[in-house]
Amino acid sequence: MIESFLYLVVFLLLAAGATLFGLLFTGADRILVARMQGRIGPPLLQPFYDLAKLREKEETVPAGAAGWLFRACPAVAAAAALSLCAFVPLFGFRVPGAFAWSGDIVFALYLLLIPGTAMVVGGFASASPYAAIGAQREMVTMASYELPLATAVLAFAWRLSHAGVPEPLAFASFAELPVWSLLGPLGAVGGLLLAAAVAAVVPGELGRIPFDSPEAETELAGGLLVEYGGASLGLFHVAMAVKTVAFAAMAVALFCPYDFGLWAPLAFFLKVGALLFVSVTLPRAAMARLRIRNVAAFYFTALGATALSGALLVVLDAFIAGGAA
Amino acid sequence: MTSPAYQTSIGPIHPAFKEPIHLKFDLKGERVLKADFAPGQAHRGVEWMGMRRNPVQVLYLAERICGICGVTHALSFARAVEQIAGIDVPARAHFLRSIACELERIHSHLLWAGVAAHELGFDSLFFFAWRARERVLDLMEKWTGNRVHYSLVQIGGVRRDLDAELIRDIEEALAFFESVFGEVRRCFLEDDTVNLRCRGVGVLTQRDALELGCVGPTARASGVPADVRADHPYAAYSFVRVKPVMPDAYTGAIHGDVYDRIVVRVYEIAQVIGLVREFLARLPEGPILAIPRIPALLARLKKAQGEAIGLHEAPRGEVLHYVRMNASAAPEAWKVKASSYSNYMAWVPMLEGEEVADIPIIAASIDPCISCTDRVLAVAPDGGRRELTKADLTRLSREKTRRLQQKRGAK
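If you read the sequences in order, they're chains A and B.
For the first sequence, this note's numbering assigns the number 1 to the initial residue and increments by one for each residue that follows.
For the second sequence, this note's numbering assigns the number 1 to the initial residue and increments by one for each residue that follows.
Derived by calculation from the structure, the hints in this document are not laboratory data.
Predicted, not measured: the structure shown is a model, and the values here were computed from it.
Heads up, a few of these hints could be off.
Unchecked claim - The following label-pair restraints were derived from C-beta to C-beta distances:
no. : chain 1 : residue 1 : chain 2 : residue 2 : range
1   : B       : Leu166    : A       : Leu45     : 28 to 38 angstroms
2   : B       : Arg403    : A       : Ala66     : 32 to 42 angstroms
3   : B       : Ser9      : A       : Ala286    : 24 to 34 angstroms
4   : B       : Lys18     : A       : Pro129    : 34 to 44 angstroms
5   : A       : Phe269    : B       : Arg44     : 29 to 39 angstroms
6   : A       : Leu13     : B       : Lys407    : 49 to 59 angstroms
7   : A       : Pro129    : B       : Leu404    : 48 to 58 angstroms
8   : B       : Ala42     : A       : Pro43     : 51 to 61 angstroms
9   : B       : Gln83     : A       : Ala63     : 38 to 48 angstroms
What the hints assert, rightly or not - Now the stretches of chain B that chain A is said to cover, found in silico as 3 or more residues with beta-carbon under 8 angstroms:
no. : segment
10  : 113–119
11  : 185–197
12  : 238–252
13  : 310–317
What the hints assert, rightly or not - The following residues of chain B were derived to be distant from chain A, with all beta-carbon distances above 10 angstroms:
no. : residue
14  : Asp36
15  : Ala226
16  : His255
17  : Pro360
18  : Ser397
19  : Glu399
All residues carry an ideal CB built from backbone N, CA and C; glycine is no exception.
Chain B with its partners taken away, still in its complex shape (with noise of 0.2 angstroms):
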């Protein structure tokens, strides 16, 4: 084999991603010699209109940072903000907010699941995942009125209180997931081909995994046991002991390969179910909102001052909300690190040596949120880089708008 390498991209639009990322490759025949990835093919500028709008507003933008965290973005937000402004949260609160985030990581692992069943073109199983997914955005729109932004989380606690009714709907979909984490486990880590793809493939040893800070799902599955929950517990965490999944829980060893982290992601749909039980059987009665009254809400955080961060275990990972508030409406900073973030860096270990037809599991596999992660970039004919400020987005829109007017004037 004598081939010269050739240098290919996946992305940033292929129907290996449902978002837009810009992976590249040297390959010598099917292998891969070297990875690398250009994030910033799709920003919005969250956190600049953040810093323009004020704490209560903020948390509907922050729910909107991911397309399916409906929870993740908002809480974090809302966790520094109550520690900056000194709010203590109800106890019911705080375990109404680990059920929505409990259940949101169900349904973010079946997202997760079906996708990655999609990658390995094994769309039945695809249908399947996305198909009992449904149930938990069915419930969170009974609850919450929304299928993926709820706007459940207040600073100070959560706007939607559960009733017998919707509990009773809650423990219902549980016993529905618990047949459904059988047939998924069945489905993933029994299947032949499943194995055949995903054993020994895309790995990244323990080593690799601390030295490039990843989190969550992805770290666990390389043998590092760090799980926000269990390490800096929150919310109703403190009241519930959690224990990371690890894949030896499966498979008796840990290899850090994709299969492993296909079984800490099914695992943790299975520890989600008793996490949720055990949160109703000690739900604490009580108000849901520290300060319900929103002008008064909104004076006292006008009147904040300091600095915090906002600690949350997404389905994907550690999230992390830097938030400075300097007795004004707005914040004076707001940085969010989203799970993803720390995740991108283990592509490069993960991808290097392996074949091209497992280029897109081993990138589905630390589940990117590219919508969480992204920052502004253009990409220049040329191949350079620059970054558009307000000014210039504003001025291209309007140079867009002119020219739709003009064509309609020339017709």
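This is chain A alone, in the form it adopts within the complex (with noise of 0.2 angstroms):
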């Protein structure tokens, strides 16, 4: 009982924890696109400011729209969001034993397609035809970057597991048995390959430039999210917020879990907040927005192909080099 609330307490932390650091990422990404682009841009803080004039503002739903169905997307998109806290080791912190309901990668994997498809639920339901077209393309963009994302876990699991690691698919288990330390040269390019792919697919999995089709401001005015207004859009934000920390932790783990004893969650932010400058800030600066065409053919066919290639380039490497198996 007591440790069940213990549990339920360092999990609101930790959500908490992700929120923040997740929104006060989002202030520092638009100092430094700004910074890149000329310009000063906004305070820090400007997420929470804009969370907070949110609250404030009036919700309309539109006439046609199913609107219970409209209503409840944002915040199931935020539960789920927020719940991939439990399951996803962020800051650092190694909780010892802790969840013992706790899910694995793959469990995490699934839990992260639920924000992206409550957006697209909201977006059908909104009656919208910026919406619906909005919706059908993050329904392409989901599926084509899952491919190389499914591709590169699965690697570095299979890679485990060739090793004798008993649960191969658990986040400690990459931790302790970092997959880097198995592979041979050739094994290293193959791994290189795919934490490439991963990074990839951040920009996708969170909606940014060049994979921003679904919103698409000047194309469809906001797109899958074009009729949320108000706490309701909030929510969307802090969904988005908390994912973008949930997946840079899942990427950071798999591919780099080091995380240098006492000074772990320092760790954790530098190669979260490195993750993230690479995969969202510098190119949401540098690039126009794709075509959904564009987008597809990117990652189902050029990322596929690079991950499955990585893939097989870690498994000839278990088989031939031999390995430390």
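Take the two lone chains and join them into the complex the hints point to.
This is the structure:
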């Protein structure tokens, strides 16, 4: 009883921390992009001000919308994103034996799908043609980055299981035995390809430029979010902020599980910050929006092939080079 | 794919457009089957007002037809009136007019480049282009006192001369724009994402461009070498040869796509730099106004009789002003044909068959100036349309004032 209460407290702290960090990153991202564009940019706390403002704003449900579904989706998205905090290693803490009901990395990947799916459902429920086009694009985007993402995760997990790790899909296993220590030169190349593939999935997963065609301001005026306003939109913003942190934390746990002992929290911020800077901030300042056709071709074909060849190299490396199996 | 076609609108108010215009589409999935448009969302009755003012007053009104072109409409109007009244513009004024026109072309093309980048979701390029554009605006402010509506053109000349310091400023700005041209060319024409989004998109064939009567960069990008500065030289363009910029200057071929329209505009920045340098080198001395005293000018204009057309190659293409005067204070007739009016129809062949994602950049690629083009219309709730007369507008505004007063009284 006391134990589960303790878990609840830890979870709430982690969720609050992830929300805070996610919103702060959004603020920092806006400042950094502004500086790259020769602008001053908003204050660091702007995302918080935005949320406070959205809370005050009136919400409208468009005529013809499936009202209850339209209203439920933001809450579902935020709840799913926040519950990710219970399963993904955050802030460098290794809560020993915590969350006996803890899921593994595949579970986290599925949970990660829910906020996006809720946005799609909310978009369709809003009965706006812009939102409908945006929702279709979001589905296509999600379906096309799933192949490289799943390939990368499974290739690393397979390498652990090949090395005899009992629970190769648990985050803890990745932390205890970093996959890189098992890889020979060939496998290292494969591993780097897989890491690059996951880094390229980040902006798509988060719906940022060049993969923001589901929202596409100048085409769809906000796309699947076009009819949302007020607190509902705020909830989507929170969901996106938490998802940003959780997804980056997953990628880091997989590909850079080194936590430097006591420096672990600092290392976490640095690693996640660096990944988000490279995968979100820089492309946003340096690229134009891609058409959905280009997005699908890039993720499914180009990145899918990259990830599969990376996985193949990891497997070959395990069998031929012997490795430390 | 048997999904039925559905209809959607972009506009009249939409983030892709900075001014109100209504585009209507029949879509099938992400593909545009049929495109149509409805202009007339923001008419201001400029021509009607102009026919109740004397020609000198009309100049300031004409400038305000466009939101960014400070010379275009005033110059076209002045040219028409000068022909009717038989006023000879001094040579120096011709050169100063052309210098202002060309500087305006730089800032208009940079503004367009920024908007195009924004439509593509490439905001870094948008901010870069608009920051560079500020240099022209500052220059024009130093010369004329205003950033956009310069009030430079007067009937029979220009109102402000260039001194040695301003000429040095212009030369420095031209050197700056040479480096900007290099950057813009690299960022737009060599960038992978811009290439991916613009090549082969929104094609306008040469035949369509001719048949629809397209003008300016839109026509030139489709291989129609039309340029008023070369075809009907005026102002200082009679002294300096202007060669229309065609897209094959850069790509070696003419495709008539969005990319070619970018090529034409980017290379026109380089053309402007050369032209302004030549104008400055050959700038003659002398007066800048044919009739410096306004009362004398007005007296002369009041006696004028006849009709004329004033043509000008605006940044967006040919602008035409028709003026008829009949020995009275105000023009008897004034008709403005903005460049965008000639280019709107090109949207239909450009947009049909393309993807939803390409609608904003294709729509922007003709550089539509909606305020220049619009005529009076109101959309009734039943979708019908009717014109509002002056009496209607007066009645509506009085009704609104009364509503406001009653509301205040109720409180």
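Verification of the supplied hints:
no. : hint                                       : result
1   : B/Leu166 with A/Leu45: 28 to 38 angstroms  : 45 angstroms, violated
2   : B/Arg403 with A/Ala66: 32 to 42 angstroms  : 37 angstroms, holds
3   : B/Ser9 with A/Ala286: 24 to 34 angstroms   : 33 angstroms, holds
4   : B/Lys18 with A/Pro129: 34 to 44 angstroms  : 22 angstroms, violated
5   : A/Phe269 with B/Arg44: 29 to 39 angstroms  : 55 angstroms, violated
6   : A/Leu13 with B/Lys407: 49 to 59 angstroms  : 52 angstroms, holds
7   : A/Pro129 with B/Leu404: 48 to 58 angstroms : 36 angstroms, violated
8   : B/Ala42 with A/Pro43: 51 to 61 angstroms   : 35 angstroms, violated
9   : B/Gln83 with A/Ala63: 38 to 48 angstroms   : 57 angstroms, violated
10  : 113–119                                    : holds (count 3)
11  : 185–197                                    : holds (count 5)
12  : 238–252                                    : violated (count 0)
13  : 310–317                                    : violated (count 0)
14  : Asp36                                      : 16 angstroms, holds
15  : Ala226                                     : 30 angstroms, holds
16  : His255                                     : 18 angstroms, holds
17  : Pro360                                     : 5 angstroms, violated
18  : Ser397                                     : 29 angstroms, holds
19  : Glu399                                     : 28 angstroms, holds
Violated hints for the displayed structure, listed by number in ascending order: 1, 4, 5, 7, 8, 9, 12, 13 and 17.
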